[in-house]
Structures are given as C-alpha cells and as structure tokens.
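Trainee: Here the protein sequences line up with chains A and B, keeping their order.
Following UniProt numbering, the numbering of the first sequence begins with 1 at its first residue and continues without gaps.
Following UniProt numbering, the numbering of the second sequence begins with 1 at its first residue and continues without gaps.
Quick caveat, the hints were computed from the structure, so don't treat them as lab data.
The structure displayed is predicted, hence computed values, not measured ones.
Check the hints yourself; a few may be wrong.
Stated by the list, open to error - A few chain A residues facing chain B, derived, Cβ under 7 Å:
#1 Arg17
#2 Leu18
#3 Asp203
#4 Glu206
#5 Asp211
#6 Ala213
#7 Ala215
#8 Arg270
Cβ atoms here follow ideal geometry from the backbone N, Cα and C, with glycine treated the same way.
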Amino acid sequence: MTTTDIASAPVGGGYDRLLARRERRFASALLAPAFVALTATTTFPLLYLVWTSAHRVDLAMPFTNGYVGLENYAVLLADDRFWSSLLVSLVYTGSTVVLQVVIGLALALLVMDMKRGQGWFRLIAILPVVLSPAVVGMIWRTFMLAPEFGIIDFLAINAGLGSQNWLGEPKLAMLSVIAIHTWQWTPFAFMVLLASLASLPDDIYEAARLDRASAWQRFYRITLPLLRPAIVMVIIMRTMVALTAFAAIFTVTAGGPGTATEILNLYAYRKSFTELSFGYGSALAVALLIVTVLISGVLFALRRAK
Amino acid sequence: MSGRGQVSFRNIARTYGNFAALKGVDFDIREGEFFALLGPSGSGKSTTLRILAGLDAPTAGQVLIDGQDVTAVDARDRDIAMVFQSYALYPHMTVAQNIAFPLEMSGHSKAEIGPAVHDAARKVKIEHLLDRKPGQLSGGQQQRVALARAIVRKAKLFLLDEPLSNLDAKLRLETRAELKKLQRALGVTAVYVTHDQEEAMTLADRMAVFMGGEIQQIGTPAEVFAKPNSIDIAGFIGNPPMNLIPARYVDGDVTIGGHRLKTDSTLTGERDVVVGLRPGALRAASDGVPARVDLIEDLGDTAILDLDCAGTLLRMRVSDIEIPNEGDTIKVTARPQDVHLFDPATKARL
Ligand SMILES: Nc1ncnc2c1ncn2[C@@H]1O[C@H](COP(=O)(O)OP(=O)(O)O)[C@@H](O)[C@H]1O
Ligand SMILES: [Mg+2]
C-alpha cells in the first residue's frame, strides 16, 4: 500500500504533503474524543448559560418563568449593584495582579542573589499556593485577622494602630481580601519570574557592567525587557483567575460588609443561589464572561504588540 | 606613570575553594601593546582577564592600571571594554542599540551617539545589519557586533577573551588580520586571551604563556618560539610542537639512538637531558641518524613525517619536493644551534 502511494504521489513536495495530510488525519482521530468531551463540558454549559440568561427562571416565583429576551440585560445595565460589583471586581483584580507581580518580582530578584537557602525559600514560598482558597480564607479569618488574637491585629495593636475591625469596616475589608489573594498567589508569580530570571545569561550582565550600566540601569534596560514575556504571561493568567475569584472572599467576608467586597462573580452567585433568580444570575455570569474575554483580549493584544 | 592603558599585575592569586586557579601572576603591559595570554584550556587565562576587568576579585595581589591600584575598583569605573567569548550581546536590542549602549550609559547625547555608532559599525563592516536583532545574525556577524560595541567607547583597555574561537577556520583567519589592523589603527592597548598559539604568534607584540595557573614565560612570539624556557612550553608552542627526546649529554654532544648530535652548549661534564628539536629544524643529511618513515601527513606545500628513530617518535616538517615514501629509511640531523636542551628534573632550559 505504501509503495503504490509513493508511486502515485507526485514527485518532490507532493509526497511530503501526502505525509503531512496523513499525519493531520491521524492527529484529528487522536484528538476527537478529547474535543467531544471538551465541547460537552464547556461549550454546552456555556450555551445553556446564555439560553438561561434570556429567560426568567425564578424559583421563588416560578409562575413568572418564561422567555424574556434581553430583559435581564436591560435590568442589569440599570442595576447599581451590578456596576458596583463590577467596580469591586476591577479594583480587586487590578490591585491583586499588580501587587503579585511587583512583590513576586522583588522576591525573585532578592532570592536570585541569595547564595544559600534558595531551595528552602522556594519550598516555603510554594506553600500558600497548594492550599485551597477556602482554607486560606478560614486561616486568615481566624488566625490572622480575628480582633485581638489574630496575628495581624496583634501586630497592629503593637504598632500603635489599635485593634481594627478588619473584616467589618468596608475599606479595611476590601484591603483584607486583596491582601489575602495577594498572599496566596504571589508565590506563583515569584516562581515563574524566578525561573525566568535564572534562565537569563550571566555574561550580558558582565558586559553591561563593563559598559558602565548602574544596577538600576541593568535592571531597567536589561532584566525588565527580558522578563517582559514572563511578566505579561503572569499578568494574563492571574487576571483571569482574579476576575473569577470566589472561594477566599466567600469564606472571609461573603461579599460583605454590605456589598463592600462583592465582586461580580460573588454577586452572580448570590443572585442565583441565595435569591434563586437563575435567569438574572446567568445574565450576570455572561456579563462577567464578556468582561473577562474583553480584558484578556486586550492583554493578549498587548503581548503581541512589539 | 601616566600613559594610557598600562597594566601591571603584582603577584595575583585566585583560589576557588581550595583550588588555586592562579598562583601568583606577575606581568606588565605597555601602552599601546597587543598582549596575548596564551595557554592550554584551564590554565587561568580567563581568570586573569576577568580580574583585570574587575569582574572577578583576586584572592591576593594588586592590579595596577596606569600606575593606579585598581584592585578594589568596580568594573564600571575601570574604563575597560571587553569582547566576550560568548559575545554577550543584549538579545532584546537591535545591533544599533547594542553598540549605542555603552555610550548611553556614559551619558553621551543622542547627537553624539548616532554618528559614533555608524562609525564603529563601519570599522567592522556591519553597517547593513544595524536594524537586526542578535538572534538574526550569524556567529561571525555577532562577533563583529561585539567588537563594535567594544570599540565605540574609546576605552583605556581593550580585552578579548578567545574572540575567534567560535568562528569557522576561514573567517577566523580573515578576522584575525582585521583585528590586528583595527588595534593598530585605534592605537589602544589590547589584551588577548587565546589557547591557539598561532593566533598569539601572529597577533601579539608580546605574550605570556600560562600553564597550570602560572606564567611560564613572557616575551615576543619570536623569543618564545626560539627559546622556550621549559619543557612544557617547548611541548606547547609550534605546530607540531618540538620533539622532546630523553638523551645523554657529554661535553657538548648528545647521543640519540646511538648517534651523536652536536649542540652549541658550553656545559661540560656528563648528564641526562631532554633534547628539543623543532620539526622544521630537522634536515636530511648523509651522516645523520637513520629513521624509518612511519606516516606522512601531506599538508599541500609541506608535509609532516612521523619518523621512528630507534624506538622514539620524531616528527619532521619537509617541503613538498622532498617527501619520501612511507617505509623508507632516511637520515636526519639538526644544526647545533637548533638543538635545545632541558633539564629532565626541573624541566627548565639549560
Ligand atoms: N567560578 C569558578 N569556580 C570554580 N572554579 C573556577 C571558576 N572559574 C574558573 N575556575 C577554574 O579555574 C581554572 C582556570 O580557569 P580559566 O581561567 O577559565 O581557564 P582558561 O581561560 O585558561 O581556560 C579552571 O580549572 C577552572 O575550572
Ligand atoms: Mg577561558
């Protein structure tokens, strides 16, 4: 069979193309089951979500259920709580991502210069990442932020700031959930940036020293541009996760006090599962999806630029 | 005292853990000189160069540049330009940005930098590559960019660490000649590390031969070639290097394979020696030592013969008209002034 194929294949590039086509067909066959499974588990629920968002599905008032078209979206655009939760989401995402990258990079630079103990540092640093966000939330709520007994509050008292209602006061609660997310996920940025830093060649830094670049110039003109792809990748990955964060905030403040820490994801959850308005909850979820896609689209475009 | 680009190493030592990479190195480089550090791999040449550049610190000793002790001065403040073996180009910058970098860092204005970059690029013939990134260049082109970056700032000292070792043979020869011209034109003091004795011989005004973390000899290439002062250097310099044969010395004569060979030594008495004979200094003579031709390496205009002389291997360089056949027996000798004598115990020249 092979021989006839070779014989019948056109001379030169034709045979290569034949092989390539066959390889593609084989690859498709291998990928098909995974593709079907993925479609079943992602695309279908997504379509169902959009479908639901065009309906009134209210378990509290089932007699009003039915197709409503874009009504949920019209309500959403006029919903102050939606806009406030979107703002909370953006502030939460923006500040946690910036903090993770800045602190992660600073730590990576420090650890790169450590002669000893790098391994230990990495081991300890990875711990928060492997904890479940719900557990992290519990730890912070009890050990760290509890009035008088929590480590943070204890430190605040000793620093002369007095005991603070970390989770009860709106601004402090927002600061707290941002700090918790940053605490848990900075190690991820740290690890990625450290690996990227370690892969930079030593010799260009020596060349830069002889070229009379100061430490700051070496960082700004050499390290930063060379780390740019890794930094952008970390920003993209962490932005997507932060936009859809849930468990840690849910366990620490549940969005409160009031709606001070209610990110969009949490609002959609509350609408759907606390108030049992599945139609409107779905519309909120679709809105979150659109925001996420838009932001990652912009980030990917930035990544490709230059 | 004044001058520009004088270097003195005073008893420089460098240890890594308990391994001594440099065991007390002394040399002086004069202003405008092309000075080569020659030696086999691992002999401490790069360490010496890095200490001179300030990229590495000596464990003991002093480095003086233009009469000033710079041992504790940072690399940034030594006014030294260097071409790395790996080229060490900034991968995210274009060729033009790479060359401009040292000028930017010393605070030159944009108006000065543009022409200076073009000038340096022209000197090494890479003007057409200015907009490319290093990743888009061949090894030879990258090497030129590294050169341009080093010459664009008129530094006091110009250091090169095996700059040609990653180039193919033809390009290496071309670049070698250009390097020499460039250094002459710039009039700058250059320190050149190489393990290739041919490079050192052709480029250097003077050279220091490194062996095992020590300098064994300093001199012009011609001096070192004519009078290697130890067995190690004799076995390293020259291509192929000197034949080294244990022999017995009696009042001016040595005995090799039962035959006497005259030397110009005035030592009296009898002793064991190692005789050094350059392959090119051996010549055929009817009263010479008989030797069988085991192997012929024909290099075109010359040939290297492997001779078996009563059990010892002798290598001989002959011109293409005198090539014998393998298996022939020929008679070889050397002029008295071409016979080098070394002490087998101390390895020093006698
Ligand atoms: N940073 C270092 N740590 C340990 N050993 C080193 C270091 N740098 C160089 N050496 C050792 O010092 C010796 C001399 O090295 P080097 O100066 O690079 O030799 P060369 O350039 O002559 O080939 C080598 O044996 C090398 O292994
Ligand atoms: Mg070296």
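Trainee: With reference to the structure, classify each hint as holding or not holding.
Mentor: Hints and how they fare:
| no. | hint | in the structure |
| --- | --- | --- |
| 1 | Arg17 | violated, 29 Å |
| 2 | Leu18 | violated, 33 Å |
| 3 | Asp203 | holds, 4 Å |
| 4 | Glu206 | holds, 5 Å |
| 5 | Asp211 | holds, 4 Å |
| 6 | Ala213 | holds, 5 Å |
| 7 | Ala215 | violated, 10 Å |
| 8 | Arg270 | violated, 47 Å |
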